[in-house]
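Visitor: Protein chains in written order, with numbering that gives the first Met the number 0: chain A, 0 to 182; chain B, 0 to 546; chain C, 0 to 292.
It should be emphasised that the hints constitute simulated quantities derived from the structure, not laboratory data. It is possible that part of the hints are untrue.
Claimed, not checked - Using C-beta positions, here's what the derived DEER-type ranges look like:
1. B:Thr-288 x C:Glu-195: 25 to 31 Å
2. B:Ser-285 x C:Arg-66: 17 to 23 Å
3. C:Phe-281 x A:Gly-118: 43 to 49 Å
To be verified - Interface residues of chain A toward chain B, partial, derived using beta-carbon atoms under 10 Å:
4. Arg-108
5. Val-176
6. Ala-177
7. Ala-178
8. Arg-179
Just so it is clear, CB atoms sit at the ideal spot from N, CA and C, and this is done for glycine as well.
Here is what each chain is made of, one letter per residue.
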Amino acid sequence: MNDRASTWEFGTRQVVYGAIGAALYGVFSWATNIFPLPAAGNVSFRPAVAVLIFFGAAYGPWVGLLAGIIGNTLGDMLTGWGVYWNWSVGNGLMGMVAGLVMAAINDFRARADILKVVGWGTLGIIVGMLFASLTEMFVGGIDLNTALVGYFVPAFLGNFLVTIVLVPILMIAFAAVAARRGR
Amino acid sequence: MPDAPLVIEDLSFQYRTRPEPAIEHISFELKPGEMLLIAGSSGCGKTTLARCINGLIPRSYRGKREGKVLLHGKDVSEMQIADMAQIVGTLLQDPERQIVASNVFNEVAFGPENLGLPRAEIIARVDQAMKRLKIEHLRDRETFNLSGGEKQKVALAGLLAMNPSILLLDEPLASLDPASAYEALDAFRSLADEGKTVVLIEHRVEDAIVARPDRLLYMEVGQVKYLGSIRDLPTEINHREVKLPAEWVVKRVRQMGEKMEKTEPIPSAGRGEPLVVFENVDFRYSDETPWILQEVNLTIQRGDLIAVLGPNGAGKSTLVKHAIGLLKPTKGRVLIEGKDTRSLSIAQIARMLGYVFQSPTHMLFAPTVREELEFGPKNLDFKKDVMENAVIESVSTVNLKGLEEYPPLGLSFGQQKRTTIAAVLAMQSKIMIMDEPTAGQDYANYTHFMDAMCHPAADGSQSLVAANFAATLFITHDLDLAVTYANRVLLVGDRHIVADGTPEEVLRDFDLLKRYRVRPTSLLRLNLELLPRTKRFLTAEALAAYA
Amino acid sequence: MLVSWKYRPRNTFIQRLDPRTRFIFMACIIAALTIPEIWDYRIILPLFLISLTQYLMARIEWKDVRRAWFYIIFLVFFIVGLNGMISGRGGPSSVTDIASPVVFYVPIIDRLGWEVPITVSKIWFALNQIPRMLTMALLAIPLPYTLDPNIYGTAFRRMGVSDKISFTMDLAFRFLPTFARDLIITMDAQRARGYEMDKLKGGVVARIQRLAPLVIPVVMQSTVTGEEVIDAMDLRAFGTKPRTWLKELHYAPRDYFIIGLGVAIFITCCVLKWGFGIGGFFVPEFFTRLMTG
Ligand SMILES: Nc1ncnc2c1ncn2[C@@H]1O[C@H](COP(=O)(O)OP(=O)(O)OP(=O)(O)O)[C@@H](O)[C@H]1O
Ligand SMILES: Nc1ncnc2c1ncn2[C@@H]1O[C@H](COP(=O)(O)OP(=O)(O)OP(=O)(O)O)[C@@H](O)[C@H]1O
Ligand SMILES: [Mg+2]
Ligand SMILES: [Mg+2]
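Make the full structure from the sequences, and use the hints.
Guide: Structure follows, in structure tokens:
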């Protein structure tokens with residue numbers, strides 16, 4: 000396999016996985032935007048989030064950031080909702096924060112490392128969704144409670160659920176793939 | 000005299016993550032306009048050697064590297080990647096993964112754009128490259144819906160736009176149908192004639208020699224076993240590792256004095272009862288798109304071992320997807336054991352037909368092989384004990400014993416392939432359908448795989464598929480598979496089944512084959528020659544007994 | 000169900016505009032509304048009309064956007080309604096705290112007599128909120144239908160984004176259809192093994208788990224693809240020098256006009272709000288009278 004990059008490096012590797020992550024995020028959210036989680040505001044129930052968190056953890060914060068921003072935009076565009084900058088940035092932050100854990104992961108199969116990723120992923124979800132929800136106060140002119148009840152809570156719950164269920168599965172699968180990378 | 004384009008001196012490399020070296024003590028030198036064919040089975044180090052030449056080693060891949068690689072006298076490890084890129088152009092195995100732009104023009108321009116060349120020059124270069132490969136008509140197409148052959152040409156044009164003096168082609172034929180492969184080889188030849196140094200990596204020597212390479216380099220486990228002329232037959236080359244022309248194999252087998260017993264023709268299984276019936280099936284994907292299938296009538300019977308041939312886009316996959324109910328006919332109907340597929344759920348059909356997709360990576364997901372195999376049966380709500388037996392049996396059938404708790408995604412390609420077969424076996428379907436079962440595997444692997452699947456065991460007992468399935472059908476671009484393994488051949492072309500019969504009947508009509516972009520192989524020719532005495536088609540090895 | 004990028008070349012003023020113009024104008028309007036926190040219906044309505052015009056000028060077929068609109072309308076009303084119910088503390092709508100005649104009460108739990116007072120100002124605030132939100136949606140929705148996906152990278156490069164990041168966008172667009180197809184193939188492969196998407200039984204967690212057979216193969220294959228793409232790009236000198244971007248973009252007079260308009264709107268809003276104190280939230284007389292009779 001090509002060499003693991005250091006956390007903040009930004010080269011071809013980050014460009015490629017940023018783009019791939021974004022495309023995956025776009026495709027999966029488009030595929031699931033069709034059935035949004037009830038009462039989740041414009042936050043639909045996206046398995047794609049697990050992919051984003053995983054990409055962050057596997058390839059670092061830059062990849063997480065780009066995959067989140069571009070991916071969310073692609074997803075919204077494909078679904079036809081238009082572009083909502085604050086939600087895209089929020090998703091970017093989500094992946095980026097998750098990406099901070101990259102350097103601390105050495106075995107994708109190890110329970111400890113999986114917990115680390117889920118933990119940082121959760122933090123990422125909080126930061127990202129909080130950002131998006133709070134900016135909605137000024138974009139949409141809603142007040143704190145509405146931002147929290149209408150946007151943050153459902154967004155957080157949906158993403159958190161997806162993350163704890165799918166991210167471990169993704170990591171274990173990835174460990175196997177990485178083991179035979181190059182042939 | 001000017002320095003040779005490529006000089007390799009006692010080159011060895013060991014990936015940091017590997018205990019053993021991938022290549023050892025390799026030395027050779029290439030002149031301008033020379034074409035070198037590198038052959039060898041999977042894992043012998045071909046790609047690694049290529050990476051040393053194009054500078055990915057030591058740049059992107061860390062490890063222990065010894066010896067020298069000189070490009071026009073300059074040492075690779077001291078060159079800038081930007082300069083390298085203009086000397087060596089590398090074509091990767093799968094064009095789908097090499098293409099980085101959404102439309103053809105940008106794809107070809109990608110390299111020059113990265114070099115920051117002035118716009119006018121880039122456009123000039125791109126036009127020239129496209130003219131060179133006669134693909135101007137693709138200029139404004141989206142890269143995504145190009146055919147495999149077109150993708151390849153576009154990728155190649157992208158390299159030519161950098162005007163490199165050395166072309167490095169790593170298994171460029173892998174994803175092409177025979178006709179496209181032939182065109183590609185033609186292009187490689189003429190590029191060499193123009194003075195470019197060409198390194199062609201390909202395990203299907205039989206096909207590669209069409210490009211008339213000057214020399215052949217044959218590798219086994221990282222070492223050079225033979226380097227020299229390709230004309231006089233090099234006996235060092237193992238015909239089980241790489242695909243040689245049938246005549247060579249015969250000669251070799253005789254030279255090696257391998258024991259040759261005339262194989263007794265197995266009585267071709269008498270036609271059993273019909274299992275799947277296509278009645279005047281017409282199909283198109285949507286009202287806007289053209290018809291893909293028209294007036295298709297087909298009956299799959301017990302005992303059939305069918306090979307489906309035909310050009311890219313002919314509708315082969317579409318055809319078989321009707322058999323498993325993934326697609327329903329637009330007109331006409333498909334009956335499975337008398338029931339219309341429209342009235343059956345996919346799950347119900349899955350009990351009767353198993354479909355193995357081309358690439359294992361499209362279906363493998365479970366953490367262990369066992370869970371992977373249990374997935375199907377669980378979906379079909381098998382009883383627990385039934386399921387467990389089914390799994391155990393299927394595992395031993397494809398001999399994956401001992402790997403039950405191993406992650407499928409961590410297995411070698413060949414093993415993954417067998418896992419997908421086992422997954423179908425475990426569902427205890429009656430009929431097995433395989434879409435391009437050998438694509439992306441090297442010769443040694445896929446002959447071994449197909450032998451294991453379709454050949455009667457040495458003890459004369461039934462073959463794996465014959466023993467486990469009432470009928471088997473596989474799609475392939477490799478004519479020799481049809482020649483060697485099938486007892487019935489379907490030729491699919493422009494929306495119809497244009498031929499249906501035993502290999503001996505269908506494959507004798509060369510005009511028909513050529514019309515549908517199927518190129519007769521040396522094995523087919525030899526078989527037809529000897530047919531009066533063999534009575535049926537045989538493998539090259541077996542033919543040695545008659546030749 | 001193939002991912003269909005909804006862009007279609009149309010001979011409209013909107014699509015003749017430089018893509019950069021579209022982004023900049025959109026940014027200006029959003030900024031004009033949010034940064035100086037405009038809540039004055041006398042400013043919101045004109046802006047609403049402007050973006051409505053540009054939406055209509057884009058000439059998008061209704062069938063393309065129907066679903067999206069239903070969804071957005073639902074969302075807007077859901078959020079606005081919710082906000083009307085529970086607003087009061089913090090955020091811009093705290094303006095509605097000011098004592099204002101109560102029009103009616105929404106009972107939450109009758110027995111406890113817990114009920115939410117809906118004041119005139121709250122209603123008026125909601126009435127402003129709706130067009131204000133729609134103004135931004137109207138600008139956003141046409142983009143995917145009217146911007147050529149091949150132009151994003153160039154556009155952002157020309158707006159000063161770095162080579163690498165701009166190309167990441169192009170690359171993402173490049174991979175979109177590939178992975179969509181992979182997803183479809185995987186879907187077929189698993190269905191052939193008796194997997195039924197619609198037969199998702201069990202609770203949410205079980206449902207999410209049922210997605211693994213679709214998600215895992217696609218994602219894992221993409222990670223392998225990535226390694227090859229990296230090689231392919233390195234081998235073609237990506238990132239070694241400043242890139243030339245083949246596509247050229249030129250501002251035409253119309254672009255300067257639109258950008259000018261956008262900037263003007265932004266500045267006007269700021270000046271009105273901070274210079275003259277106009278543009279903040281207030282309940283006009285006629286409305287209070289209308290409500291309280
Ligand atoms: N990136 C890598 N990291 C570690 N080991 C690798 C890597 N790539 C290849 N190898 C190992 O080096 C050996 C040679 O691999 P290589 O890909 O060069 O063989 P190959 O002849 O190209 O095989 P194929 O014909 O299947 O492409 C194999 O054992 C392979 O497992
Ligand atoms: N999902 C789809 N939607 C629309 N058209 C499709 C779809 N899948 C395939 N086609 C078209 O149907 C035709 C037949 O495709 P099919 O995959 O059956 O050919 P094939 O014989 O399997 O080709 P190959 O040898 O390359 O696998 C092609 O022209 C293809 O473009
Ligand atoms: Mg190789
Ligand atoms: Mg096919």
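Visitor: For the hint on Arg-179 (chain A), just tell me whether its beta-carbon gets within less than 10 Å of chain B.
Guide: Check passed: Cβ of Arg-179 (chain A) comes within 5 Å of chain B, closer than 10 Å.
Visitor: Should the hint that Val-176 (chain A) touches chain B count as held when the rule is a Cβ pair under 10 Å?
Guide: Holds. Min distance 5 Å.
Visitor: Holds or violated: 43 to 49 Å for the Cβ distance of Phe-281 (chain C) and Gly-118 (chain A)?
Guide: 47 Å, holds
Visitor: Interface hint check: Ala-177 (chain A), Cβ to nearest Cβ on chain B, cutoff 10 Å. Holds or violated?
Guide: This hint holds: Ala-177 (chain A) lies near chain B, its Cβ roughly 9 Å from the closest one there, short of 10 Å.
Visitor: Evaluate the given range 25 to 31 Å for the C-beta pair formed by Thr-288 (chain B) and Glu-195 (chain C).
Guide: 27 Å, holds
Visitor: Is the gap between the beta carbons of Ser-285 (chain B) and Arg-66 (chain C) within 17 to 23 Å?
Guide: 19 Å, holds
Visitor: Going by Cβ atoms only, is Ala-178 (chain A) closer than 10 Å to chain B?
Guide: 5 Å, holds
Visitor: Can Arg-108 (chain A) be said to touch chain B, with a Cβ gap under 10 Å?
Guide: 9 Å, holds
Of the numbered hints listed earlier, not one is contradicted by the structure.
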